[in-house]
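A.B. asks: So you can see what is in the structure, the chains are spelled out below.
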Amino acid sequence: MIEGILIGLSTALSLTNILMVMVGCFAGTIIGMLPGLGPMTAIALMIPITYGFDPSTGLILMAGVYYGAVFGGSTSSILLNAPGIPGTVATAFDGYPMAQQGKAGKALAIAAYSSFAGGTISAIFLLVAAPSLSKVSLAFRSPDYFALMILGLTAISAFSSKGQFLKAMMMVVLGLMLATVGQDSLSDITRFTFNNMNLTDGISFVLIVMATFAMSEALTIIFRGKDPNRAAKQISLTELGSIKVNKEETIKMAKTIPRSSILGFLIGVLPGAGATIASFLAYGMERNYVNEEEKQKFGKGSVHGLSAPETANNAACSGSFVPLLTLGIPGSGTTAVMLGALLGFGIQPGPRLYQTNPEIFWSVIMSMYIGMVVLLILNLPLIPYIARILAVPRNYLIPLILFFSVTGIYLMSFNNFDIFLMIGIAVVATFLRLYDFPMPPLILAFVLGGLMEETLRRSLLISDGSPNFLWDRPITLIILLITITIVGWQIFSTFRKKN
Amino acid sequence: MRISPTKFISLLFLVLSVFYLYTAYNIQVFAFDENAPFNARTFPIYLGWAGIILSSLKIILPEKVTAEVNHKYLDYKSIIYLIIISLIYAAVILKIGYFISTSLFLFASYYFLGERRWGLMFILSFPFVAAFMYLLHGLLNIYLRDPFLKYIGVMG
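Same order as they appear, the protein sequences are chains A and B.
The working numbering numbers the first residue of the first sequence as 1 and each following residue consecutively.
The working numbering numbers the first residue of the second sequence as 500 and each following residue consecutively.
It is worth saying that the hints were derived from the structure and are not from the lab.
Values in this document were obtained by computation on a predicted structure and should not be read as measured data.
By construction, the Cβ of each residue, glycine as well, lies at the ideal position given by its N, Cα and C atoms.
There could be a bad hint or two in this list.
Under 8 Å between C-beta atoms, here's a sample of chain B residues computed to sit facing chain A [claimed, not checked]:
(1) Pro-504
(2) Pro-543
(3) Leu-546
(4) Leu-553
(5) Ala-590
(6) Ala-630
(7) Tyr-633
Turn these sequences into a full structure, and let the hints guide you.
C.D. replies: Laid out in structure tokens, this is it:
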């Protein structure tokens, strides 16, 4: 492991890679801060830039963007009460009241310190857990992988759907359907191409991400532009107050950070669960831990209430890399985007990545930690200036997002069919989002589609077409039982709400 | 009877799933693969059925209203303009090249979204795209096809 850490450090600490972490964190912070744009959009917009880099550098840039975007989301939560991403909604509960009390600078500093501490602790967990889990996951066979993918898709549908489980499952099926377009990987038979040559290679992953996130996000902002409920409440960005944190506040943070980090990391590791659930659970847990006097301050600008979700959401980000790096199965929409990018570089993450490409495995882990340090050093002093980004008018913002989306696709294929297809999918996605059909399950399903068909094919061929493979192996059975429990719980909670 | 938008979307999804399933059953597989436990049709057939079952459940089961959309607040005009500009952009990008089409697309988008500061609009279109192209093509060595710039000798 020490050797691996040194390999990772030597790769991550090269001048180019340090520069990439800095650029990534900075760009991520700016994009994540803009209401409506989250880490998935930020990473998707970076994909065209990474074409020119080697895989480690590209991934390091994307990891920096990821952390930066999460931190940026917190900034808009605190200053505008307009969370850039769902994972920072809980941050607004106490961050925004603090900002209204004239302590916006302090709230941003607490968020930055908590993010840093949560990220650091969970990066250490990742350092220890990932290699061990890689070894365990070598015992996984095709039926286990198939079951695990079913679990991941069910879990993300259950957790990301705001009680609309069926809608999320429909998006899963739509994502899988889109993944079947093009040549079948084994027989080379073309499917669902309708004799269109442009579809023979299938629909590009970048196209789907750009269409369902970047472009549809931009269209949604314009579409709902007149909605008074969505109009951002502006506070004075010139009077942020001091960013100094006093001794009493530091002690409060020191108590909150360890427990929220552990909770956040564990939640992040679970497939489907991510920063959003981690931050809400950490907020709830913290409220139960503190004394009665502190409990009264929750929702009115409590340091505990701000520090807990901020720590947990960053810890969950690191946790979500565990299934991606060790099993090759992303646990969240954001890591699904990163998996797509990895596949684009010709790298298949999974247990073997640890052995075949140790420099990538370790440099991603090490760059996460470096990313945390950079975020703190770079963003803390720049908070008053970065906050002004929030004033960028949408008249400029939206065309620039559309421009980056189209450029990303044009760079890949140099044909306009893909651009037309992207516009079509983006329009459909905009209407689906309007009626609460979630997009992360669609992305995860699209990314996993090929692998899922492959593992199902192997499992069915080994069992000679019998469904016995679903319960022959204990690991498969346990994973499927967990899936059934999640589905059962969704049905039960729906009926309970109705009654 | 008034059908809710969610149920209408589910109905469209049901139609899509039926069509998908029909197409899946018609996928031509090799003769020796016809009776294999798994062929190119198997997975799409499962997906088609899954789509039909899920969308039917969504249509049949009573709905919990979560997304109240007030059409009064939706800006149809701007979004239609943006989509039309994007479609024109996609149609001409190969013919007139990346630089001019992208710059014009940005300029037109700023205009239709209500921007009237001409100087800023110009800076954030033509020079901005040129700088971005230099970053990609000149610094990162990412090939960016532009027949027009090639014709006038700016790009190699």
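A.B. asks: Indicate, hint by hint, whether the structure satisfies it.
C.D. replies: Hints and how they fare:
| no. | hint | result |
| --- | --- | --- |
| 1 | Pro-504 | holds, 5 Å |
| 2 | Pro-543 | holds, 5 Å |
| 3 | Leu-546 | holds, 5 Å |
| 4 | Leu-553 | holds, 5 Å |
| 5 | Ala-590 | holds, 7 Å |
| 6 | Ala-630 | violated, 13 Å |
| 7 | Tyr-633 | violated, 13 Å |
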